[in-house]
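J.: Starting from the structure of chain A, add chain B where the hints point.
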Amino acid sequence: MSAHKAKAYDAVVIGAGNGGLAAAIRILQGGFSCLVLEKHDLPGGFATSFRRGRFEFEASLHELNDFGSPEAPGDIRVLFRELGVEEKIDWVRIPEAYHMITTDGAYDCVMPFGVQAFTDKMEQYVPGSRKSVTEFFELCEEVRNAQAYSTSVNGKTDPSYMKEHFPNFIRAGSYSVNEVLAALKMPKRAQDILNAYWCYLGVDCDRMSFLHYGSMVIRYITRDAWMPKMRSHEISLALETRIRELGGDIWYHSPAAKIATDGGGKITGVVLADGTLIPTRHVVANCSPHVVFGKMLDANAVTERMVRETNARTFSGRGFTLFLGLNKSAEELGIRSHNYFIYDTADSAKQYDMMRKVATNHVQATVCLNNAYPECSPKGTCMMYFTTMFMSDDWGNVTETDYFKAKDRIADDMIRVFERETGCKIRDAIEEIAVASPTTYARYCGHPQGVIYGYETGGWDSLMPRLMMMDEDAGVLPGLRFAGGYAMRSSGYSSAYVSGDISGRQTVGDLRKEAQAK
Amino acid sequence: MKFKKQIFGFLDMLRFTKLVPNRRAALAAGSTEPLPKSWRTNELARRLHPGMMDVELTAVRQLAPGMQEFVFRRLDGGAFPFFRAGQYISLQGIVGESIVSRPYSIVSSPREALAGKLALGVADAGFFSGYLNREAKPGDRFRMSEPSGEFHYETLRDKPQIVCVAGGAGITPFVSMARSMAEGDEPFSMTLFYGARTEAQLAYKKELDALADKGLRTVYVLSDEEKPGFEHGFVTAELLEQYVDPREVTYFLCGPQAMYAFVAGQLAKYSLPVKAVHKDATCCPNLALDAPRTFQLTVHVRDEVFMMPAREDETLLTAMERGSIPAPNKCRAGGCGYCHSKWLGGEFCIADGRDGRREADRKFGFIHPCVTYPLSDIEIDVPASE
Chain A
1 MSAHKAKAYD AVVIGAGNGG LAAAIRILQG GFSCLVLEKH DLPGGFATSF RRGRFEFEAS
61 LHELNDFGSP EAPGDIRVLF RELGVEEKID WVRIPEAYHM ITTDGAYDCV MPFGVQAFTD
121 KMEQYVPGSR KSVTEFFELC EEVRNAQAYS TSVNGKTDPS YMKEHFPNFI RAGSYSVNEV
181 LAALKMPKRA QDILNAYWCY LGVDCDRMSF LHYGSMVIRY ITRDAWMPKM RSHEISLALE
241 TRIRELGGDI WYHSPAAKIA TDGGGKITGV VLADGTLIPT RHVVANCSPH VVFGKMLDAN
301 AVTERMVRET NARTFSGRGF TLFLGLNKSA EELGIRSHNY FIYDTADSAK QYDMMRKVAT
361 NHVQATVCLN NAYPECSPKG TCMMYFTTMF MSDDWGNVTE TDYFKAKDRI ADDMIRVFER
421 ETGCKIRDAI EEIAVASPTT YARYCGHPQG VIYGYETGGW DSLMPRLMMM DEDAGVLPGL
481 RFAGGYAMRS SGYSSAYVSG DISGRQTVGD LRKEAQAK
Chain B
1 MKFKKQIFGF LDMLRFTKLV PNRRAALAAG STEPLPKSWR TNELARRLHP GMMDVELTAV
61 RQLAPGMQEF VFRRLDGGAF PFFRAGQYIS LQGIVGESIV SRPYSIVSSP REALAGKLAL
121 GVADAGFFSG YLNREAKPGD RFRMSEPSGE FHYETLRDKP QIVCVAGGAG ITPFVSMARS
181 MAEGDEPFSM TLFYGARTEA QLAYKKELDA LADKGLRTVY VLSDEEKPGF EHGFVTAELL
241 EQYVDPREVT YFLCGPQAMY AFVAGQLAKY SLPVKAVHKD ATCCPNLALD APRTFQLTVH
301 VRDEVFMMPA REDETLLTAM ERGSIPAPNK CRAGGCGYCH SKWLGGEFCI ADGRDGRREA
361 DRKFGFIHPC VTYPLSDIEI DVPASE
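Read top to bottom, the protein sequences are chains A and B. Just so it is clear: in the first sequence, position 70 is 70 by my numbering, and no numbers are missing. Just so it is clear: in the second sequence, position 243 is 243 by my numbering, and no numbers are missing.
Bound conformation, chain A alone (with noise of 0.2 Å):
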């Protein structure tokens, strides 16, 4: 197609994954025009699924967090409703929280929804706990509440009004997970099982801040976590449905190459590969600020700002998946658990540290999707995910004509480790097989180093600094706001849907001050 110039929109969005589709939605809803970018021919981004025979695989959720019932409805539930698409989508509650295996035989607990079974069998682990997990999720109410009333002011929290209400909130604040277990004596075996989750945010306990923790924590334990019935695509696809109902446009295989500016730092549109123009003075940038400062962004406008503060941070861990379609049922294969967590040691510093290496690294976050949705495959069979992370660049030594045997080897140390440790004979049973690699997260995403999970939210750049400085990150750049894994929220698929509503209600609120100074 030649090179033209296209109409102009308010906005435009670069990828349409959860957080780029949540911000399109925004803005249309605001009364603005907005297209949404889309390198692939999918909306989604991770947010997928593909075929192989008879089995479609979830490409990435594991559990939707945050969702709730209709009846009590979770934070995420409650946005899909405003954003008009709840009923879109059919809605599968999961099981139980997690199954947690260590192979150094210290651990093999199934641990349940619901403060009060989770205190409950905590106490049966680890007699003596009741009291630190009681205050544990008491800490963590107050941390959720006071992050709702951060959110309903944007970030600008009053500090008096935090004092008073969330005094808790604020003197756990600048502390670790661990260091906040250990302040409220819980035995060590509970601390252990209570951490399990960490692998979520990809960072180990003794760095990553109480607040992210216990603020998902509580999500997963008091609201349940849900899955849509036809995998994450259907999420995706009701989005992008939604944008099209609301008169926006998506165009797919059509990534975005640069990012124009007048020279004086102000945004004039998005430029395609081939050429294309769309004017605009408003982006919201679904993919990372060092894809966004380090190649989109016209090289006159990137300014020293955007590179110290784009080179200061680190990213998270590489994705890898094996995907798995079994021809016998999880029952005949004796697969009992939704989610099962499998580390070496439940010691998540020493973890992490195995996780640098592909070598080292035999970490598996595994779901067996019909034992939340037993229809979710033809009957008599069954699939599976086991996803892992590499936590430093290790996996980019592998060369072209390894790379197909280097998927393998990884794949086959994942079922070795799952049918060790679970003692469920797999194998035999594969019908179909895929491996994603952080290659090709980096291949379908374009994300550095095939990140899946943003920047590291450990240390300085944890979470809650991350929010109270939103409107002072924005400022780098007026007119461009971040979405998705590598926005203020961090990753995940509630965070990134969370941090694409922010993005694209306050694209409203820059658009209306827009109108209203003409």
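By construction, these hints were calculated from the structure, which means they are not laboratory data. There could be a bad hint or two in this list.
To spell it out: a stretch of chain B is covered by chain A in this simulated footprint if at least three of its residues, at any positions, have a beta carbon under 8 Å from a beta carbon of chain A; those stretches are [unchecked claim]:
no. : region
1   : 31 to 44
2   : 150 to 158
3   : 270 to 280
4   : 335 to 347
Computed cross-link-like contacts, DSSO-like style, restricted to lysine-lysine with a CA-CA straight-line distance of at most 30 Å [said to hold, decoys possible]:
no. : chain 1 : residue 1 : chain 2 : residue 2
5   : A       : K185      : B       : K2
6   : B       : K5        : B       : K18
7   : A       : K350      : B       : K18
8   : A       : K229      : B       : K330
9   : A       : K258      : B       : K330
10  : A       : K121      : B       : K5
11  : A       : K379      : B       : K159
12  : A       : K156      : B       : K4
13  : B       : K18       : A       : K163
14  : A       : K405      : B       : K214
15  : B       : K214      : B       : K279
16  : A       : K328      : B       : K269
17  : A       : K295      : B       : K37
18  : B       : K206      : B       : K137
19  : A       : K328      : B       : K159
20  : B       : K5        : A       : K188
21  : B       : K18       : B       : K4
22  : B       : K330      : A       : K405
23  : B       : K269      : A       : K425
24  : B       : K2        : A       : K163
25  : B       : K18       : A       : K185
All residues carry an ideal CB built from backbone N, CA and C; glycine is no exception.
T.: Here is chain B on its own, set in the frame of chain A:
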């Protein structure tokens, strides 16, 4: 409950107030090194999956009556992607007014591709293959997709011993698999049953015979000729049993539909699981209709709208190609999803057994034009070409 870490709770509060200044300082202390343009993993992804490539035909040779080999190089002189032996590429050219693409299995080994050479064996059997066989010459330029498809060996799924059954031009993926095995990139041992009408119609016989001392066992099966050194007839269960234990192998089949049906009949008595037999996909054909109607097809590509006729017996993809719309496509069999498009209105039907859509695609109105026929005037939104 009152949480305190320090004995005096105000120290905890003080620490909290430092979160923002600490982060501000850490961000400002970032390096001024220019941001990287790429990373090793992303470079590997680009080499393995370059998308559409501009290629030039460098050599043509006769393989058998009605079948030629076409060798390509990349216009930029670069390597072709390393791939899984058994995969195909989609070759795109311009024939008359039409932009036409067809999938062809790769004959070269993955290492040959890496060395910059990629060969296809194409039988004169249709619109584009006929054009290639009759008119294509060295120096001609085409576009080529990256290697794709799931018709390849999987170490963790398949048996160590594989049986490949080729019918006629269906030999091509197995030449690549045999070469790749000989080069040490595949762990299987391979017995190839290669069916043709006569010896003269066996393409790549010399190459396959040369691989005999590298572990390839080839059984030639001629239906119309009886000759020493060749089996006569078809690939029957009895024939298989002479060479392998039919229950202890994984099958790869590539050939015409009639061959698939015949082999399936022969294997029926072993009650093999689904996973034991892999069939290469075939292009979705035109429908055999006596008096096909012609409808109007409206196609949205980004902000452009095109209108063209669409025949009832041809897929929407074919209609777009006739209309010179470079609609994306790869497998033309309904499976790869690369032509995934939004249905906006009108009626359609999908070729039997070729609905490779995801569940939610059906719910929200998405189609694969490569296997979809119009039943009325119809309107769709397709992705731009790469």
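J.: Any of the earlier hints contradicted here, and which numbers?
T.: Going through the list in order, the structure violates no hint and respects every one.
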